[in-house]
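> Please construct the entire structure, taking both the sequences and the accompanying hints into account.
Residue numbers (UniProt numbering), protein chains in the order written: chain Y, 1 to 989; chain H, 1 to 276.
I should point out that these hints are in silico values taken from the structure, not numbers from a laboratory.
Note that this is a predicted model, so its numbers are computed, not measured.
A few of these clues could be false.
To be verified - As a list, the in silico DSSO-like pairs of lysine-lysine whose alpha-carbon atoms are at most 27 Å apart:
hint, chain 1, residue 1, chain 2, residue 2
1, H, Lys84, Y, Lys693
2, H, Lys197, Y, Lys721
3, Y, Lys836, H, Lys197
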Amino acid sequence: CWYHLPEEKLVSNRHMAMEIKASLLLLIFLSYAIVSFSLYEDQVGLMDWHQRYIGKVKHAVFHTQKAGRKRVIVSTEENVVASPDLRHGEIFWRYVLGTKDAIDGVDIALGKYVITLSSQGSMLRAWNLPDGQMVWKTSLHSAQSSKSLLSVPINLKVDKDYPILAFGGGYLHAVSAIDGEVLWKKDFTAEGFEVQRILQPHESSIIYVLGFLHSSKAVVYQIDPRTGKVVAQKSMVVPGGFSGVILSVSSDKVVVLDSTRSILVTINFLDGDISFHKTPVSDLVEDSGNAEILSPRLSNMLAVKVNKRTIFVRVGGEGKLEVVDSLSDETAMSDSLPVTDDQVAFASVHHEGSKIHLMVKLVDDLDTVLLRESIEMDQHRGRVDKVFINNYIKTDRSNGFRALIVMEDHSLLLLQQGAIVWSREEGLASVTDVTTAELPVEKDGVSVAKVEHTLVDWLKGHMLKLKGSLLLASPEDVAAIQEMRMKSSGRSKLTRDHNGFRKLFIALTRAGKLFALYTGDGRIVWSMLLNSPSKSEACERPSGISLYQWQVPHHHAMDENPYVLVVGRCGSDSSAPGVLSFVDFYTGKEISSSDIGHSVVRVMPLPFTDSTEQRLHLIADTEGHVHLYPKTSEALRIFQRDFQNVYWYTVEGDDGIIRGHGMKSSCAGETADEYCFTTKELWTVVFPSESEKIISTLIRKPNEVVHTQAKVNTDQDLLYKYVSRNLLFVATVSPKGAGEIGSVTPEESALVVYLIDTITGRILHRLSHQGCQGPVHANWVVYHYFNLRAHKYEVTVVEIYDQSRAENKNVWKLVLGKHNLTAPISSYSRPEMFTKSQSYFFAQLVKTIAVTSTAKGITSKQLLIGTIGDQILALDKRFVNLSQAEKEEGIIPLTDSLPIIPQSYITHSLKVEGLRCIVTAPAKLESTTYVFAYGVDLFYKRLAPSKTYDSLTDDFSYALLLITIVALVAAIYITWVVLEKKELSEKWR
Amino acid sequence: MAKLTPFFFLSSLIISSSLAFQSDVDDHEFGLEGAKPQSTQQQTPTTRKRYSDPDSDSKVQFSLEHAFGDSDFSPAGTFSARLKSWSHGGKTLTKLRFSRNGFSDEEKDTFKNLLKGDDFYRIRLPSNVISPPGKEFVVASVRARCLPRDGLDEHFVIHMEGANVLALSYGSLGACQYPRQFKLPAKWSFNSHTILKSSEQAPRTPIFTEEVLGGENADGEVEPPPERSFWAKYWMYLIPVGLVVMNAVTQATNMAEEQTGGQAGGSQVQQSARRR
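Here it is, written out as structure tokens:
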């Protein structure tokens with residue numbers, strides 16, 4: 001018995017330790033279960049991703065200093081100036097200028113500053129080349145809008161200063177490259193002189209400014225670079241005038257087309273004298289038509305496009321022109337580049353089948369090909385649009401070339417040594433429309449990426465996580481855990497998951513390319529460039545307008561793929577004929593496409609689908625007819641059933657008229673088919689043009705879900721929400737107030753908002769805000785505007801309640817079935833509704849407003865506000881709830897301004913540069929919603945507005961839970977055994 | 001004058017009620033859209049006084065036109081009102097009166113056809129009442145089957161902006177149940193109700209942060225949040241600790257029992273040994 005006791009003590013001690021540990025584990029488990037709303041550092045990138053883009057490259061300048069790292073500076077159509085890494089294609093630095101601040105010219109000065117001229121030549125900035133810090137910024141005086149020109153003379157030095165010459169708005173400025181100070185300016189506004197080129201002959205202290213006056217007179221000014229004084233001036237009238245691009249071919253010659261576009265005029269500015277030489281295009285090529293000078297600058301040569309052929313024309317000493325080569329197909333060319341001391345080369349790229357051919361030739365001798373490379377190119381990148389080349393010295397002291405090419409889909413590629421070194425999908429910087437798609441249901445051979453891993457890996461992973469959660473992990477382990485989280489199999493598997501977390505975003509870009517982005521990590525699953533079905537001259541590449549979900553199979557989800565309808569247009573004009581294209585969501589293959597032969601004003605998805613689950617769509621054209629798609633008899637039958645109940649509206653923004661239309665009859669006429677219908681005008685709302693101007697219209701999201709119509713206010717009273725979908729939000733301002741903020745006094749400007757029923761044209765709500773001004777950014781129905789009196793931005797919330805159902809409060813009525821909750825609602829009934837509205841001050845400038853949407857609409861909503869700083873602020877809907885005056889639990893006390901909590905920026909430290917739009921889509925799991933924001937950058941995040949109340953978090957450690965359970969079971973078993981033993985021994989005693 | 005106004009008011013009430021197709025409405029009845037027309041007449045006499053200023057008043061008339069289905073528009077009635085010009089340049093319509101033309105026999109037939117086909121009965125007003133038709137006509141329409149009750153019930157809501165008609169809401173007074181039943185009116189007379197609406201002013205954003213802040217400053221300190229109970233704060237620590245303590249206690253009692261039990265057993269053995 002003596003020895004028995006200590007042993008049991010030992011066991012009980014162990015047992016106790018076990019229990020303590022178990023409770024500790026329980027504690028850890030509990031702390032895991034409490035999900036915090038704000039983000040921890042290591043959670044960044046788990047539920048969100050961010051992609052940085054720059055847009056379609058306009059200019060590229062290579063930094064040509066011999067020593068140091070090679071850099072390239074690009075400016076883009078999205079007004080971005082950036083420096084991409086030539087090795088990997090990443091961005092060293094970039095800066096996004098405002099939407100109105102288009103970049104006109106970019107160059108490098110002093111070997112260390114990047115100079116950009118923007119806003120039609122009125123803004124000059126210098127950036128530090130290595131890191132992109134802005135060194136100085138000078139706003140230049142500008143009097144009129146004109147073309148602008150940036151010239152950075154290489155060897156010009158004036159009293160220890162290096163002037164940069166910038167022309168824009170009728171003024172020529174000389175600006176110091178060192179500090180941006182304006183050295184002098186020359187006023188050309190009176191004459192209307194437009195500078196075309198600034199020349200500085202070698203060993204000359206005079207600069208030559210060449211240009212045109214009223215596009216008929218060539219003028220050359222000789223200007224002293226020290227003072228800006230005109231030393232000499234010569235001018236000469238060129239009969240015939242000019243048109244199109246003016247191209248300078250050498251330091252003293254420019255070539256321009258005359259106004260008939262059939263004669264090339266060579267203008268020679270030799271030694272301050274002007275002479276010109278005319279050469280008809282018909283002398284150069286036989287079957288000449290309208291000519292077009294292509295933009296690449298080649299020395300003593302120019303490229304002219306005539307009759308779909310590109311001809312190279314050499315410019316002789318006397319301005320004589322001779323054809324040296326001609327190319328039959330579309331060829332992109334670079335500017336010329338000095339290769340050796342006396343040789344100049346240029347690059348040309350043309351397509352042949354699925355390959356592109358890059359050739360670098362000497363300008364003087366087109367037969368000498370310095371480089372000839374063929375590179376396999378993806379068909380969905382289209383043609384080559386622009387080429388920029390740069391040379392480098394290889395180890396064997398020969399010349400090597402690298403070419404930066406811009407494709408038709410706006411992508412940017414670097415070619416070097418016969419291969420694509422890197423590519424950037426810059427088309428994604430100009431997304432125009434986005435729709436979401438489910439991934440395929442998991443079955444054999446569907447998963448696009450194989451990422452399954454073995455049980456051992458799984459266990460290892462969980463052991464690592466366990467170590468991490470028990471704070472036993474070493475720094476390497478922590479890194480491994482982080483990496484594992486990023487790459488967790490759930491995120492990269494391209495199949496439908498139970499929670500609906502994995503999805504595809506289909507994005508349409510301005511270039512007419514479709515991208516399928518995977519929500520897990522933002523990678524591109526497939527991409528497709530839209531094609532014109534007819535391949536006609538007029539419509540070579542249709543521009544995409546919008547995306548619609550054409551067919552979403554539910555019954556046959558296993559064996560049918562969903563399709564997306566892409567509506568495009570041939571040309572920019574709204575009356576241009578439309579193009580429909582049907583694309584498979586999963587594979588990105590175009591199933592079919594058709595020219596529809598009529599214009600596209602509006603596309604209306606109808607709430608009907610046919611037996612193959614194709615959604616019916618109506619497309620309205622400019623003539624007031626609507627066309628039904630798909631063109632099948634079944635669709636027609638379905639449509640005829642509800643023919644009388646189809647209504648639509650048009651907004652004529654310029655005239656201030658909103659019209660409602662109903663269906664009338666089938667189209668008459670020879671060209672019409674049975675799927676074309678005429679419409680009749682049912683209602684009009686006419687805004688008086690002298691006092692109101694439409695600035696914003698908006699409809700409710702068609703897929704919005706309302707979970708419950710009832711709402712209990714603070715007085716314990718029941719209100720019914722007005723849930724009609726046929727509502728149009730219209731905001732108008734006084735015509736004077738349509739300008740910039742600050743341009744009018746509060747008395748002159750008023751903002752009026754309307755809610756209009758789109759079936760009957762009834763104005764359901766009308767509210768005027770005196771002394772307020774747009775722009776109005778709205779969402780259902782929260783809108784944002786500027787209050788001129790208070791000098792603050794305001795947000796107003798409108799809520800609409802249905803009164804016709806207000807009697808249904810009595811429980812007994814509901815029990816006995818004496819309620820009207822199931823009666824059909826007609827818009828022709830007089831609406832019994834009332835609105836409540838409330839305004840708040842909001843300190844942020846807003847670019848766009850969106851609201852989260854969830855599967856069933858139970859989860860509370862958040863307003864997503866795209867701020868002027870290109871961040872997204874999530875604001876709980878509770879903050880803008882009405883009837884919050886009374887203090888009650890869960891209701892935030894009423895304040896006059898909306899709070900901005902720094903932690904509620906869902907973009908945390910990131911910026912979605914150039915933010916244009918926020919799209920939200922529900923996940924299958926009620927608590928979760930997606931947010932996809934696009935601008936120049938893309939940002940995606942999975943958001944849980946009311947926290948993930950219906951699921952465990954991703955990084956929940958199942959191993960820990962399992963171990964805890966096992967440990968507990970083991971502890972129970974051990975204690976039981978010990979107890980048994982003890983009892984036995986006691987009985988034996 | 002002040003004494004006379006109620007008299008005028010009453011007389012106008014009598015006149016208006018005696019006319020079958022007339023309704024007389026002031027423009028101050030924004031909130032009374034659903035109310036009975038009689039109640040809308042009980043306006044405060046003080047508003048009358050303001051309108052009786054003869055200098056800035058002028059009379060305007062504009063006609064209502066209607067169309068059956070896709071037919072052309074034809075006159076259907078006349079609105080007459082007083083146009084009040086304000087010193088700051090604004091204009092408002094007051095004292096709107098409406099006289100409705102009854103349907104002719106021909107129109108009755110067309111209307112019957114409309115009812116059969118469940119087609120639209122359309123009406124329109126000029127968008128500017130001073131110089132009709134102004135920029136455009138303001139059109140509204142309703143399914144013809146929504147109108148017949150005992151007579152023909154109609155309800156106009158005219159949204160005004162100065163002298164401009166912005167929009168017209170038109171329909172029957174009550175609900176229009178879907179599916180719409182074919183029903184001929186018992187009487188071919190119109191029962192018209194008219195409301196003029198102008199824009200509602202948005203409430204000013206309440207400014208009271210200063211007060212709140214001031215109140216707080218006066219108190220000197222922000223009131224601390226109510227203290228939570230000890231249990232509410234520390235329950236998550238207390239439960240495991242309790243478990244541990246309980247465990248320890250049982251262990252201790254067990255140990256004590258065992259020791260005493262062991263000793264007792266030993267003594268028993270000794271005792272029994274003694275007995276032997």
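> All hints are to be evaluated individually against the structure, with a verdict given for each.
Verification of the hints:
no.	hint	verdict
1	H/Lys84 with Y/Lys693	25 Å, holds
2	H/Lys197 with Y/Lys721	24 Å, holds
3	Y/Lys836 with H/Lys197	17 Å, holds
Violated hints are absent here; each numbered hint is respected by the structure.
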